[in-house]
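S.K.: Those sequence lines, one after another, are chains R and Z.
Position 52, counted from 1, in the first sequence is what the numbering used here calls 42; the numbers after and before it change by one each time, with no gaps.
Position 270, counted from 1, in the second sequence is what the numbering used here calls 662; the numbers after and before it change by one each time, with no gaps.
Calculated from the structure, these hints are not laboratory results.
There could be a bad hint or two in this list.
Claimed, not checked - Calculated pairs, DSBU-like style, for lysine-lysine (alpha carbon to alpha carbon, straight line, at most 35 Å): (1) Lys540(R) to Lys530(Z); (2) Lys477(R) to Lys627(Z); (3) Lys362(R) to Lys520(Z); (4) Lys622(Z) to Lys477(R); (5) Lys362(R) to Lys530(Z); (6) Lys477(R) to Lys624(Z); (7) Lys695(Z) to Lys477(R).
So the chains spell out like this:
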Amino acid sequence: MLQVDLWKRVLIWATVVVGLLLAMPNAFYSRVETHNDAVKAIEAGFDTTENRDLAAGWPSYLPSGLVNLGLDLRGGAHLLAEVQVQDVYEARMESLWPEVRDLLRDARDEVGTIRLQPNAPLGELRIKISEPAGMNRAIELVRTLAQPVVSLTGAGSTDLEVRGEDDVLVITLSEAERQALDDRTMQQSLEIIRRRIDEVGTREPTIQRQGFDRILIQVPGIGSAAELKEIIGTTAQLTFQPVVSRTSDGSERPGVGNEILPALDQEGVYYILEQAPVVTGEDLTNAQPAFDQNGRPAVNFSFNPSGARRFGDYTANNIGSPFAIVLDDEVISAPVIQAHIAGGSGIITGSFTVEESTQLAVLLRAGALPAKLVFLEERTIGPELGQDSIDAGKIATMVAFVAVLVFMALSYGLFGLFANVALILNIALIFGLLSMIGATLTLPGIAGIVLTVGMAVDANVLVFERIREEVRTARGPARAIELGYEKALSAIVDANITTFITAVILYVMGSGPVRGFAVTLGFGILTSVFTAIFVTRLLIVIWFERRRPKTIEV
Amino acid sequence: MRLRLVPQQTNFDFFSRPVLWLGISAFLILLALGSFGLRGLNYGIDFRGGTTIRTESAQPVDVGAYRDALAALELGDVVISEVFDPNFGPEQNVAMIRIGAQDGEEAVSTEVIETAEAALLEISPDIKFVSVESVGPKVSGELIRTAAIAVALAIGAVLVYIWLRFEWQFAVGAVVALVHDVVLTIGVFSELQIRFDLAIIAALLTIVGYSLNDTVVVFDRVRENLIKYKSKDLKEVLNLSINETLSRTFMTSLTTLLALIALLVLGGDVIRGFVFAMTWGVIVGTYSSIFVASVMLLRLGVKRDWSKPTDTTGNQFGDIDA
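Go ahead and model the full structure; you've got the sequences and the hints to work with.
M.R.: Below is the structure:
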C-alpha cells in the first residue's frame, strides 16, 4: 500500500541535503565572497597572511559556490561591440602589395610595367600590367606567394586567388582565407579585450563572442560604459627589445638606458633589456602558429616593410645573441637569433607545445585591436539602483512567500503544512542549483523565483484536490492518498513540461536578464515537481505511518 | 475549518451560452487589435533604438525644466516622465528620459549621452544618473525579430506537444486560447501605452506557459472522463471536467496572483511592467482555459471511440512511483 522504499527515502533526503548545502553559502553572501576572492588571490600567487585570514573566514570543507548577481542587481556596465572584420582584409592586402610589386618588377621583361589600380573593392588588389601577353606569367608568379590556409574547414586551399581581367591582374583573398582571417580577428579581439579588462582587475567580467562578429562585454562594478570603452580602447604595447642579461633578482639595477622586466610565465626570472625597441607591435602584420623544419611547434610572424628592414638589419648584426618579445612590460619569450632574418618574417621556436604556440601567436597578434569596434548597445546600471532592486526583490519575495504559506495552511490544514515545507525546500533547491552551475541572478530572475513560489504549489494543489475527490468515494485514507498521487501525475507532468518548453525557448532565444528569468523559471519547474511528487509525498507517508489515521481531512 | 474558495461539489453549466463567451472574447480581441492598429505599442529602446537615462535627485523633478534643457540640444524625439514608487524615500525623485535614436547613426553615440547629462547637471546639480542604456538601431531591429520568432516558436512547440499527448482538437483549442491571451495582453499594453520592452516578451512567453498549464490540467481531466463515461455527451463531459478541476484552477491562480501582486506592489518600478503583464496574463489565462479552450474543443468535437487504444492514449506516466 502506501510505502516508499528505504533507498528512495535515502535518495530523496540526500538530494535535499545536498541542495541545502549548495544553497547555504548564499545566506552568508559577503563572507563567502571575501573567502572566494582571497582563495583566488592565493592561487594567483599572493599568499599573504592577510589573504589567508580572509580565506579562513569560511570553512573550506563547505561549498563556496555563489549565485552571481547580474548587472541589473550589482551595477556595472554592459557593451555589445561589433568587430569590423573587413578592416583586416584591407590591411592584409596593403602589406601584400610590396611583395607583389617586387616580384613583378623582377619579371618586367615579360609583364611590362605595373600600376596599382586605386579604388579596388575591399580585400582586393587590382594591378594593371602594360603587356597583357604576359598575364599568364604574372598570374603564375603571384600564385607562388599563396600560402596554404591553416584552419579546419579551409584545409587544402590557399589564401590567395589570382585571375586576369584583360590587362588587369586581380588578387583576392580566398573564401577559406577570409573565414580563417575572420576567425583569427575575432579570437584576437576577444583576447585583447580580455587582457585589457583583466588588468583593471574587476570581479567576474563576462567577455563572450556572440554570433559571427560580435562581442558581449559585461563588467560588474565599473562606473560607466564610457569608462569601459576607454579601457578596451587603449592598445597593448608590443615591442622587440635587445636583451642585455638575464637575472633572478628583480631589484637589480638595470643601468642607464636599460630596464628590467619580469618573464611572463616563469616565476622569478627577470630580463635586463635595452629600453629602445628594435621594432614595435605596430609593425607586426601577422602571427600564426606553425611548425619549424624539425616539426616542432613554433610561431610564424611577419612585419610590414619598415619593420622588416629594421628587424633584418638588427638580426644580421646580432646573430647568436637573444632578443626579447615584450608585451605590456612582461617578457613573453627571449629567443636567440639563429640567422639574419630578412624579408620581414621570421619564426619563433622554443620548447612550445602546440597549445602554447597557438597562445603565443594570439598574444603576439593581441598587441593592438586588429579591427575597429562599433558599439551597438551600451548599458550602465548604477550600484544604488541595483541595491534598491535587491531590497525591493527581497521584500516582495518574503511577502509573497508568507502569503502563499498562510493561504496553503488555511486551505489544506496539515497537508498544507507539508506542502509548505516542500515550498521552502523548493526555494533552497533553486538557489542550490543556481549556485552549482554558477548561474547569474537578475531582476527578472527574482521575478521568476516569485512566480515559482506561486506556481510551485500547483503540483501539490493538483494532488490534494485529487485526494479530496478520492476521499469522497471512501476507499480508505491510504488508498485515497495513493490514488490521488497516481491520478494527478499525468496532469502534473503535462502541465510542467509545457511550461518547461517555454522556459527552454526563452533561454535559447533570450539574452541577458531575460535569460536569467528563463533559468530560474526552468529550475523552479524542476525543483517544484521534485518537491511535490517526492518530498511532500514522503512527508505524508512518514506522517501516515506514525499516526495511522482512520480518516483524513485534506 | 478549511478555507474553501469553491464549494466541494459544483455544477455550473459553462456552456449554456457559448455564443456569449466567444462573443466577449472576440470583441475583446477586436478591441485589442484595433488599439494595436491605431495607437501601436509604446516600444522601449530595446525595440526602437535610442537611449534611456534614469535620473535621481533630492530636488523634486521639474519635467518642464528638463524638457527645456534638452530641447536646446536638438536631439529629436525626447520623452521625459517622472517615476513614482512606494519604495522611494522622500529624497528620491526619479525621472526617466528617453532619447530617440539619432538619424543616420548605426551605433550608439556617446556624445549624445554626454551632452544630455551635462545639460541636466546644469539645471539640477545634485542629479545622479543611476542607469543609462543605449541600443543602436541595428540591434533593436534584430531584437524585435528574435522576440517574434521566440513567441511563435513557443506556440508551435506547445501545439506539437499537445498534439502528441492528446488529439489535434485539443492542441487547436489550447493554441487558440494561447493566442487569445497573447493578443489581449498586447492589447492592454497598447491601450495603456505601457512601455513594451524585452522583458515584456519574457512575460508573454510565461503567459504562454501559464495559460497552457491551466488548459492542460482541464484537458487532462477531459481525456480521463472521456474514457470513463463513454456514452456521455461531450458537452456534459466538458462541464463535469471543468467543475471537477475548478477548485484547483482557483487555488493555483490565487496563489500565483498572491505572489505576483506582492511583486507588483513591492517589487519596485523597474520590473513593474513585466509583473503587470504576468498578472494580467494569469487572469486572462484562467478565463481562457475555461471559456475559450473548452468551447473550442466543444466546437471541434473529439474522437469518442477510445476502445481501440492508439499510442497517444492514456496515462503514459501513470505508473511512476515515488
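S.K.: Run the structure past the numbered hints and jot down the numbers of the failing ones, going up.
M.R.: Hint check: 1 fails alone, others pass.
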